[in-house]
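Use these hints to put chain B onto chain A, whose structure you have.
There are 2 protein chains.
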Amino acid sequence: MNINKLLKPKKIAIVGASDKEGFGGDTCRNAMAYMSDDKYYFINPRRDEVFGKKCYESIRDLPEKVDMVVICTPVHTVEAILREAHEKGAGAAVVFASGYSEVGTEEGVERERSLIETCRSLDMALMGPNCAGFINYSDMVSSFAFISEERDRKGRVGFVSQSGQLALSMMDSPKMKFSYAISSGNSSVVTMEDYLDFLVDDEDTKVIAMYLEGIKDTAPFVAALKKAALKKKPVVILKTGRSRKGQEIAASHTGSLSGTDKVYDALFRKFGVIRVDDLEELMSTCMALSVMKRMPENPKVASMNLSGGETGICADLGELHGIEYANFGKDTMKRLKEVLPSYASPNNPLDMTATLSYDVDKYAEAVDIVMMDQDVGLVAIGYTLLQEIADPAIKYMTESLEKVLEDPMAKPVVMIPFTENTRNAEYSERLEKIGVPVLPTSNYAFKVLKNITGFIAYDASCHNLEVSIPEARKGEATPLSESESKNIIGSYGIPFPRTEVVKSLKQAHSLADDMGYPLVAKIDSPDIMHKSDAGCVMLNLKHADEVVDAYSEIIDNAVAYKKNAVINGVQLSTMVKSGIEMIIGVKNDPQLGPCIMCGLGGVFVEVFKDTALGLAPVSRIEAENMVDSLKGVKLLNGYRGSEPADKDAFVDAIVNVSRLATEHMNSMSELDINPIFVYEEGICAVDALYVKNV
Amino acid sequence: MNINKLLKPKKIAIVGASDKEGFGGDTCRNAMAYMSDDKYYFINPRRDEVFGKKCYESIRDLPEKVDMVVICTPVHTVEAILREAHEKGAGAAVVFASGYSEVGTEEGVERERSLIETCRSLDMALMGPNCAGFINYSDMVSSFAFISEERDRKGRVGFVSQSGQLALSMMDSPKMKFSYAISSGNSSVVTMEDYLDFLVDDEDTKVIAMYLEGIKDTAPFVAALKKAALKKKPVVILKTGRSRKGQEIAASHTGSLSGTDKVYDALFRKFGVIRVDDLEELMSTCMALSVMKRMPENPKVASMNLSGGETGICADLGELHGIEYANFGKDTMKRLKEVLPSYASPNNPLDMTATLSYDVDKYAEAVDIVMMDQDVGLVAIGYTLLQEIADPAIKYMTESLEKVLEDPMAKPVVMIPFTENTRNAEYSERLEKIGVPVLPTSNYAFKVLKNITGFIAYDASCHNLEVSIPEARKGEATPLSESESKNIIGSYGIPFPRTEVVKSLKQAHSLADDMGYPLVAKIDSPDIMHKSDAGCVMLNLKHADEVVDAYSEIIDNAVAYKKNAVINGVQLSTMVKSGIEMIIGVKNDPQLGPCIMCGLGGVFVEVFKDTALGLAPVSRIEAENMVDSLKGVKLLNGYRGSEPADKDAFVDAIVNVSRLATEHMNSMSELDINPIFVYEEGICAVDALYVKNV
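Chains as they are written, first to last, in this note's numbering: chain A, 1 to 694; chain B, 1 to 694.
Some clues are possibly wrong.
The list makes no distinction among identical chains, and a pair is therefore deemed to hold if it is satisfied within one copy or across any two copies.
With a straight-line Cα cutoff of 30 Å, these simulated DSSO-like cross-link-like pairs (lysine-lysine) come out [stated by the list, open to error]:
no., residue 1, residue 2
1, K634, K531
2, K362, K20
3, K20, K395
4, K450, K262
5, K300, K330
6, K8, K231
7, K647, K631
8, K231, K433
Hint data in this document are derived by calculation from the structure and do not stem from the laboratory.
Extracted from the complex, chain A is given alone in its bound form (with noise of 0.2 Å):
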């Protein structure tokens, strides 16, 4: 399958041309618009003419090969015109049909299964079913199937959208333009990953796009991300199913199967991936970072502001999207007070006062001290632009800029409006000709700010880009024993108190001894998940016979509790003394594999919910920066003038986990260490439970 067929075709065929309404007019008018007369032919075995361009009654009479059809026709029509395609030379197809697996009838996903099948027999390159097709603005090729106004869209922001109609609201925003715009529809053959992987490879694509319901194969979408990490080119992913509303409506729309919400994050955030929340947010992120004419050096941001009201805004929302504002220089204050008018002060967030914006020199001036200073990465002008201008002051700052940043070295600037508005054409274009994004309105502005600050503070190298997918399973999840589950997790360097399971009073009594005190005894059998309930635990036992005494009350309870329970006999441990009470647990998710979290123990992950996530493997660096993320590091950093804990060794934990984890990904369901103490020094796990899966 060779989707530069698909995407990059010398020559088309559009089957089911028409002039009216409708999937093939439109597709037809379209390609009128994009391509050249001698790039596409038209074929309706009804029509001699369409618009005017001789129409061919079938593939087979057109007077060269092409390399690939776009198919305006009916599902039933599909199958066989693949079939003439291919033998005039066609390796790809756009299909628009629905009727497929999206209708979730049997028949429906029958229809897919034996498209899917008839694609890889010929091997074509299938765009949708289901989909409204793409337009390449390198190339200049459209199977488009919808029409937006008529503009100049030849940009660099490269999307691939599950969704048609999202798509094509992309396509209707005026702020927006492309190298490729693809609705990919059920992509059952040429799949997400695919095109992920392509566009990574584009070099006429800066910024990647998704509208992502789900993805079919993990390997290949790893693959891709992988390589858009190592490269540091930005993909920016909308990725529906976060509510548990959302993740029914995307099972039922194309028929994907989306993973656990959860693990998606972890595995954008190993991959810094920039998901958003929607599409709003994903086109203003993209077109930012396509506009900007270099990357921040550094995430911290300097406001400059025409009114105190417009600063205090920015000032509260930079806090809460977690934007960080510069520190501003002495040097810096001191040439801000002699340009600015004396009532102003020079802060960050600054209120440079309306007067400067009527002084083109005076604010190009300020702009310029602002972006001297040596702890600002990225200027934010707040600004409403209009529609309509009614105030000179938007000419005299566009002036400034143009000015400032013709030094190919001034720092990157956007512009943040505080009202929603279509921005007045002329104005953006001057701006973005200079690099100068102009975001969404406020909320969304700082939105962007803070997807485009965390974009640049990602570092590849501290992060492991492997992900374990493990093979597909078919057994069923059984839990082990606590001490075999010991045993396994304890062989990955987690220390556990001594622990020895004994099968006779005579053994208990001599082991006991051995072991010194104080013990704690409990049921050694995959079959007594809840041993304090059952009676099966005994706490604190200070001398043999206490010991041998515990022995016979367990068993005896344990018989009790349940009767035909598996029995290897009853667990000694010493007893530790208790620490800072955390958890790491792992759980195999089938398309990501094992994610591990961690998390305080006790009250902290059941009412506050404090937990990370990583998918396995992680790096030391990813593990430090899950317990980092915690809520409750505090506790381990040393709180209340306590010793601070030791958390090296907690994160060697995780790192040890998660290599178990890679290792066993295939034969293991979940892991559970609760808790594992932290002390001053050392750590030690007190209770574990492995569950496998074969």
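Relative to the frame of chain A, chain B by itself:
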């Protein structure tokens, strides 16, 4: 002072009238555009005519009395003009000039003090200084100093803004329509609280919008909020100063004193004020509330969209913003299945599929079915209304909605777009006419939805609509000793263990036996706050001898720790069993009075900052809501199968502390009860601190 002379004048004079650019010229242009010719006079000693209208040399020369003067001349001319205007019967003035307290100089502050004094002595209602004036759209009066694009702006949102720039931005937004648009500047004579009060009373104003940096006088502000709450008239406030940086800026901008910001949250919660994050949210929330013809009867939302992508976004954003989606009843599902295409599933959020938007009757039927569901309070239509209409869907959808909303009992409908764009004017207007507000882009739209549903859920009768505003104090904060603190707090029904202060070895010995064991001994001294650090706490004393020893040691340690400490004696208390560790605290805000805080104690409050605030006096329901808003309430409600704790007793304690705080608002600085144990039955406070300030 008569605010009607300012905001509803019969005749006005514009001093400094001009046909040039600038304040004078633009104010005249606005007057001519908005007002009938007989309502205003131009004054300028250097002109005979302005824009062809007679111009008088001075106010004295006017042929009749005027109610109000608009002063467009520089700062040094203002006071003389005020006196002249007063002689001509004027009771009000608008002053644009800056150079007052906002410049931060001594001279400016003094100039403003003098201006206030002059207005007081002349009984004049003055808007400004440093303002941009106002427009009264009800009576068509303009004193506004900036020009906006011409359009019909008469509507029912009354706004008052301390920032002229933000006022202008609201005027420039095509979606806003006003009863009053007021740029109040320094608001030092007619204050923000005066404007609020006016707008609450004003029958032409349906919704009040405020951009607020700070208030001058609490009592009238609170009185106006109370009136609005009881009328259920929505008050929407953008108050900057949430962040540390924002507070600094608010202070420097209009010289307002920003109170501690979180106290404002508590204030706004009490009176059902909608607090917003930025200007767009302020405008859209007000616009939506003013356009909707009815308020939803319940806060549950139905979301109806034309694509799976949009539906997924709505599902996720709904959860993110805490929107509750209605559960469709069986009948609704059945009827929807009949009208939707076969491949659509009747969920909420609902993907109706694009097909339906081309069928006026079916679309109307689908909306009607959803509206009839008794769980639905409000219908949110997802659709990106563009400026240039390319697709006929909006025509059909609008016709459908016009049909459905003919029924006066129809439930409220809003429209949610997915990209930022100026909305097509024709369709915005048609939708507005039938009460359908077109909200801003999705993330904002869901915040606005949350504001609306939160507002309708507010019930004034659940709140104590008073605030305990303290007198200004000059004293110093003086902590009481622990036993004194416990005495005051205990007298308000907060239970403490039996506590006695003993002043001799002998007394210690005899009282100990009487109190019973175990006992705790602590120093009782207002000068030693950190008793443990000073070695002045001894726990778990089990015999009289131990108590006697502890007594001596504590006194010795206290003297060693702080030589001249006032020592009341040694405090003996019976030891209590531990329960769920909570805290209650009070801080007395100089502007808004005692603010009660409750939360989980220990690490919870310091690491997780899991606390809730309420402004005294709090009603029992307010106290309950505070406790229920804690994440840690799960612990009180019975956690991991444990019995629920006595939440009622803890809520009572909050109400009692609130009563104490209100009665002591003029003499208390703060208090802390930490910890207070909550048991399955009852509560017991263990330690307390009361800091007085007279």
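For each hint given before, does the structure comply? Return the numbers of the non-compliant ones in rising order.
none
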